[in-house]
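Q: Using the sequences plus the hints, can you model the full thing?
Read off the chains here:
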Amino acid sequence: MAEAVRRRVLVVDDAGLVRRYYREALEAAGYLVDEALNGLEALEKLLLQPADLVVVDVNMPQMDGFTFLKALRRQAAPLCAIPALVISTESGPQDFAAAQAAGANFYLVKPVSQATLTDYADLMCGAGA
Amino acid sequence: MPLIRRPSPAAPDPAAPAPAFTGGTAEERWAAARAAAGSAEAVPTLAAALATEPDMRVREAIFTSLALIDTDASVQAVLAHVRSDDAGMRTAALDALRAMPRRAGRHLPALLRDPDADVRILACDLCRSVAPPELHALLGPLLETEPEANVCAAAVEVLADGGGPDILPALSRCAARFGGDPFLAFSIRIAAARIAAQRCG
Amino acid sequence: MKPSQETDEEFRRLCDFLYRRTGMIFTDSKRYFVQRRIAERMGATGSASFASYFARLRSDIAGEIEQFINAFTVNETYFYREDHQFRCLTADLLAARLKHKTPGEPIRIWSAPCATGEEPYSIAIWLLENWPQVDAYDVEIVGSDIDTAVLAAARSGRYGRRALMRLSEAVVKKYFAPIGPDAWQIIDELRQSVAFTPVNLSEPGQTRGHGVFDVIFCRNMLIYFDDASRRVAAENLFENLAPGGYICLGHTESMSRISPLFDVCRFADAIVYQKPAGGAHG
Ligand SMILES: C[S@@+](CC[C@H](N)C(=O)[O-])C[C@H]1O[C@@H](n2cnc3c(N)ncnc32)[C@H](O)[C@@H]1O
Chain A
1 MAEAVRRRVL VVDDAGLVRR YYREALEAAG YLVDEALNGL EALEKLLLQP ADLVVVDVNM
61 PQMDGFTFLK ALRRQAAPLC AIPALVISTE SGPQDFAAAQ AAGANFYLVK PVSQATLTDY
121 ADLMCGAGA
Chain B
1 MPLIRRPSPA APDPAAPAPA FTGGTAEERW AAARAAAGSA EAVPTLAAAL ATEPDMRVRE
61 AIFTSLALID TDASVQAVLA HVRSDDAGMR TAALDALRAM PRRAGRHLPA LLRDPDADVR
121 ILACDLCRSV APPELHALLG PLLETEPEAN VCAAAVEVLA DGGGPDILPA LSRCAARFGG
181 DPFLAFSIRI AAARIAAQRC G
Chain C
1 MKPSQETDEE FRRLCDFLYR RTGMIFTDSK RYFVQRRIAE RMGATGSASF ASYFARLRSD
61 IAGEIEQFIN AFTVNETYFY REDHQFRCLT ADLLAARLKH KTPGEPIRIW SAPCATGEEP
121 YSIAIWLLEN WPQVDAYDVE IVGSDIDTAV LAAARSGRYG RRALMRLSEA VVKKYFAPIG
181 PDAWQIIDEL RQSVAFTPVN LSEPGQTRGH GVFDVIFCRN MLIYFDDASR RVAAENLFEN
241 LAPGGYICLG HTESMSRISP LFDVCRFADA IVYQKPAGGA HG
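Protein chains in written order, with full-length UniProt numbering: chain A, 1 to 129; chain B, 1 to 201; chain C, 1 to 282.
Take these hints with a grain of salt, some might be off.
Unchecked claim - List time: in silico SDA-like cross-link candidates among lysine to any residue, alpha-carbon distance up to 25 Å:
no., chain 1, residue 1, chain 2, residue 2
1, C, LYS99, A, GLU24
2, A, LYS110, B, GLY180
3, A, LYS70, B, ALA26
4, A, LYS110, B, ALA193
5, C, LYS101, C, THR90
6, A, LYS70, A, LYS110
7, C, LYS173, C, TYR80
8, C, LYS30, C, GLU40
9, C, LYS99, C, ASP263
10, A, LYS70, C, VAL264
11, A, LYS110, B, ILE190
12, A, LYS110, A, ALA97
13, A, LYS110, B, PRO141
14, A, LYS70, C, GLN274
15, C, LYS174, C, SER202
16, C, LYS30, B, ALA196
17, C, LYS99, A, LEU47
18, C, LYS174, C, VAL134
19, C, LYS173, C, THR77
20, A, LYS110, A, GLY92
21, C, LYS99, C, THR77
22, A, LYS70, A, ALA29
23, C, LYS30, A, GLU24
24, A, LYS110, B, ASP161
25, C, LYS30, A, ARG74
26, A, LYS70, C, CYS265
27, A, LYS70, C, ASP263
28, A, LYS110, A, ALA29
29, A, LYS110, A, LEU48
30, C, LYS30, B, ASP125
31, C, LYS30, A, GLU44
32, A, LYS110, C, VAL134
33, C, LYS174, C, ARG158
34, A, LYS110, B, ASP125
35, C, LYS30, A, GLY30
Claimed, not checked - Some chain A residues near chain B, calculated using beta-carbon distances under 10 Å:
no., residue
36, LEU17
37, ARG20
38, LEU48
39, GLN49
40, PRO50
Calculated directly from the structure, the hints in this document are not laboratory data.
Just so you know, even glycine gets a beta-carbon here, dropped at the ideal spot from N, CA and C.
A: Okay, structure coming up:
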């Protein structure tokens, strides 16, 4: 992918190994990747540099994924419109409902393989989007 | 020069009646929560207030007071919310437990055996404040027997940061148990590389 | 000093540890820089290997986390340190605060911790030099610290050449009087305009007597606190801010490691944090 069209993904997860697993897959697929450890840091990073996709965990210190998405959807354009992929170990129906209410576009339950992640990234913001 | 120096505004009157937890404004409930920080007797009141408090910031103040009180009763009041259906509440409870690491640490063995896998995952994360050999004693058996791959992954994440060489055999047995899980295989490979580097260091 | 000899994974492990705790990010491109500091701290602590040093750091033996962070941040304070925040103050923050003021109401600015006073005096000088409306408003600047010895030094306002290195000659001439070779003192008029008070920010309720401020500078202190002290300090600062008021942290600090009480705001010159206008209501 040429530099000009490389899409930017912000990975928001407090687990360093998870961020690294996603980063390796996304970079191999041509994305630029940035990382945040919780929802607050994600907001801070997006204010400095918007992304084309956010990949968001649910349970994180200081600000959980749903609170983050609600705050993101209240931001001015273009931030409020960034597509969001939630990937969590939480698999209860209340979590799916909360994700939807918070403004998530897709919800996957961990573990998610690198191939599945890049498929969703391509679907949500990749070359075909 | 226009910059001025003037006496600071007066402190609130210490003789004013203690603010109430329920009914009042968010500011009043916040003040009540903060005022309770020093007193262990306030735990039941704080615990009850937590159950109904709608304001996230007042909730934070209640959790802080429970963390500062730092008794078994105050840990219990916080632990009650680790299982909450509300992700914000779980986050707040976990953050409060991180602020009382020693006392929360005593509850880790029970939390790591909780029937709810989500609680076991969160408990693994709380183990960050523990160093080997206690860390190995907590997470080693889990690596051998835990049926949920996501719980093992949470344990590996913490061990990659704080584990020592003694844990390497348990890590490789865990990898073998979940041979088909690519993320766990990846995590264990990195954790093992980090830990092994220490041996020759 | 020779750079340290850790492996790639050991290096990443250390970076992960720092990132998780502080939000500071060091990538492979900064490796040499980090290695120099690790080697320095290994030497200072007599650690034989990276592994034994890292174990010491993780367990915070003899306050090693603070020492290590200090190796990365310049921990001496000086005039016009991180002045992009002062630019943000005069370009955006004060105008935003003035919208909520009635005529005659003072603007209150707090430097906490203020250490030996460079920061609050810098704010005063910056306003006098860069804020044309400075004559139209009452501005109150307070500097506070837990350490009464640094407060005494702050009140006396005497500084050496190093502290003044970022100030222009004209500014030094205007606001300082030479008192010896390589020694200057803040002019009386300016010394009168900053109040210095003792405060313990990590003790609940200890800051209330200071009243509410429009802007608080809380730089290079919270990064050293443990989780419990960070929570208490954040709540104290929250109480000491007017609704809609702003807080500026040090450049290696992020509120995302400290507290969810504040909203994050981006201005042209700085990222700052804000108490929501609705007060405790989120
Ligand atoms: C590195 S200095 C920061 C000075 C200045 N803000 C700057 O960034 O240049 C840290 C200061 O924090 C003060 N301090 C440490 N703990 C404190 C506490 N609990 N309450 C108030 N001040 C504290 C110390 O006395 C010290 O002067």
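Q: Look at each hint and say if it fits the structure.
A: Status of the hints after comparison with the structure:
| no. | hint | verdict |
| --- | --- | --- |
| 1 | C:LYS99 to A:GLU24 | violated, 48 Å |
| 2 | A:LYS110 to B:GLY180 | holds, 14 Å |
| 3 | A:LYS70 to B:ALA26 | holds, 21 Å |
| 4 | A:LYS110 to B:ALA193 | holds, 24 Å |
| 5 | C:LYS101 to C:THR90 | holds, 16 Å |
| 6 | A:LYS70 to A:LYS110 | holds, 22 Å |
| 7 | C:LYS173 to C:TYR80 | holds, 16 Å |
| 8 | C:LYS30 to C:GLU40 | holds, 16 Å |
| 9 | C:LYS99 to C:ASP263 | holds, 19 Å |
| 10 | A:LYS70 to C:VAL264 | holds, 14 Å |
| 11 | A:LYS110 to B:ILE190 | holds, 19 Å |
| 12 | A:LYS110 to A:ALA97 | holds, 17 Å |
| 13 | A:LYS110 to B:PRO141 | holds, 22 Å |
| 14 | A:LYS70 to C:GLN274 | holds, 18 Å |
| 15 | C:LYS174 to C:SER202 | violated, 37 Å |
| 16 | C:LYS30 to B:ALA196 | holds, 24 Å |
| 17 | C:LYS99 to A:LEU47 | holds, 24 Å |
| 18 | C:LYS174 to C:VAL134 | holds, 17 Å |
| 19 | C:LYS173 to C:THR77 | holds, 21 Å |
| 20 | A:LYS110 to A:GLY92 | holds, 13 Å |
| 21 | C:LYS99 to C:THR77 | violated, 32 Å |
| 22 | A:LYS70 to A:ALA29 | violated, 29 Å |
| 23 | C:LYS30 to A:GLU24 | holds, 20 Å |
| 24 | A:LYS110 to B:ASP161 | holds, 21 Å |
| 25 | C:LYS30 to A:ARG74 | violated, 36 Å |
| 26 | A:LYS70 to C:CYS265 | holds, 16 Å |
| 27 | A:LYS70 to C:ASP263 | holds, 13 Å |
| 28 | A:LYS110 to A:ALA29 | holds, 20 Å |
| 29 | A:LYS110 to A:LEU48 | violated, 29 Å |
| 30 | C:LYS30 to B:ASP125 | violated, 28 Å |
| 31 | C:LYS30 to A:GLU44 | holds, 22 Å |
| 32 | A:LYS110 to C:VAL134 | violated, 56 Å |
| 33 | C:LYS174 to C:ARG158 | holds, 15 Å |
| 34 | A:LYS110 to B:ASP125 | holds, 16 Å |
| 35 | C:LYS30 to A:GLY30 | holds, 24 Å |
| 36 | LEU17 | holds, 5 Å |
| 37 | ARG20 | holds, 7 Å |
| 38 | LEU48 | violated, 24 Å |
| 39 | GLN49 | violated, 25 Å |
| 40 | PRO50 | violated, 24 Å |
Against the hints set out earlier in the document, violations occur for numbers 1, 15, 21, 22, 25, 29, 30, 32, 38, 39, 40.
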